[in-house]
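> Going by my numbering, the sequence shown opens with residue 5, and the numbers climb by one from there.
It is possible that part of the hints are untrue.
[Stated by the list, open to error] DSBU-like cross-link-like pairs, simulated, lysine-lysine; straight-line CA separation at most 30 Å:
| # | residue 1 | residue 2 |
| --- | --- | --- |
| 1 | Lys-95 | Lys-80 |
| 2 | Lys-80 | Lys-184 |
| 3 | Lys-184 | Lys-79 |
| 4 | Lys-95 | Lys-184 |
| 5 | Lys-95 | Lys-79 |
| 6 | Lys-184 | Lys-141 |
Hints listed in this document are in silico derivations from the structure and should not be mistaken for laboratory results.
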Amino acid sequence: MAKVAIVYFSGYGHTAVQAEAVREGAESVADAVVSIHRIDEAGELPFGALEGLGQADAVIYGSPTYMGGPAWQFKKFADASSKAWLRQGWKNKIAAGFTNSASVNGDKFATIAYFWTLSQQHGQIWIGTGVLPANTKDSGPADLNWTAGFAGALAISPADASPDEAPRSGDLETAKHLGKRVAEFAARLAMNHPADTTAIRSGGVVTETAFE
Numbered sequence: 005m006a007k008v009a010i011v012y013f014s015g016y017g018h019t020a021v022q023a024e025a026v027r028e029g030a031e032s033v034a035d036a037v038v039s040i041h042r043i044d045e046a047g048e049l050p051f052g053a054l055e056g057l058g059q060a061d062a063v064i065y066g067s068p069t070y071m072g073g074p075a076w077q078f079k080k081f082a083d084a085s086s087k088a089w090l091r092q093g094w095k096n097k098i099a100a101g102f103t104n105s106a107s108v109n110g111d112k113f114a115t116i117a118y119f120w121t122l123s124q125q126h127g128q129i130w131i132g133t134g135v136l137p138a139n140t141k142d143s144g145p146a147d148l149n150w151t152a153g154f155a156g157a158l159a160i161s162p163a164d165a166s167p168d169e170a171p172r173s174g175d176l177e178t179a180k181h182l183g184k185r186v187a188e189f190a191a192r193l194a195m196n197h198p199a200d201t202t203a204i205r206s207g208g209v210v211t212e213t214a215f216e
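Model the full structure from these sequences, guided by the hints.
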């Protein structure tokens, strides 16, 4: 059984739609158990959710791209994960990411790069989309990986589009593909390499530290 956790922030609902597509893809894998955790407007997760991420085999990060990076609410969550980092509680878990912005480019890759850096701080194993881009003359928003994201799933939601209109079908299929791919790799990891729950300690002791 593979446990996949999706943790994300959504400001206007578009990234939430993308997150649900990621969940749908992950749930399509046999024996995958998927949990989804939305960061609220204050940058907080539901009670116990942060600790619960430590039980997952894979963690998928998501946020809209604002001003060339993830939303501050996601960054607050990332900072709060420092205690898990101290215990090495997320080490050797699969990690992946998805993001959404109004513009075709919008510097979305910077957000994916932030997720990747966060994952490496935690000693995680990064999984990209593994999908060739739709880059012919006839390609459009209905095609898989129309945004040509390799490091993570990218989506475009025009500024005047509601969450019912965007992200569009190709971006949602790409998100589903990412969720499925992560769950498949997590299942392999869980089957062949049971999680080592022993934290790396200094002198055999983990001390609780307050991070300002």
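> Next step is simple, just say for each hint if it's right about the structure.
Structure-based check of all given hints:
no. : hint              : result
1   : Lys-95 x Lys-80   : holds (20 Å)
2   : Lys-80 x Lys-184  : holds (27 Å)
3   : Lys-184 x Lys-79  : holds (26 Å)
4   : Lys-95 x Lys-184  : holds (21 Å)
5   : Lys-95 x Lys-79   : holds (19 Å)
6   : Lys-184 x Lys-141 : holds (28 Å)
Going through the hint list in order, the structure satisfies each hint without exception.
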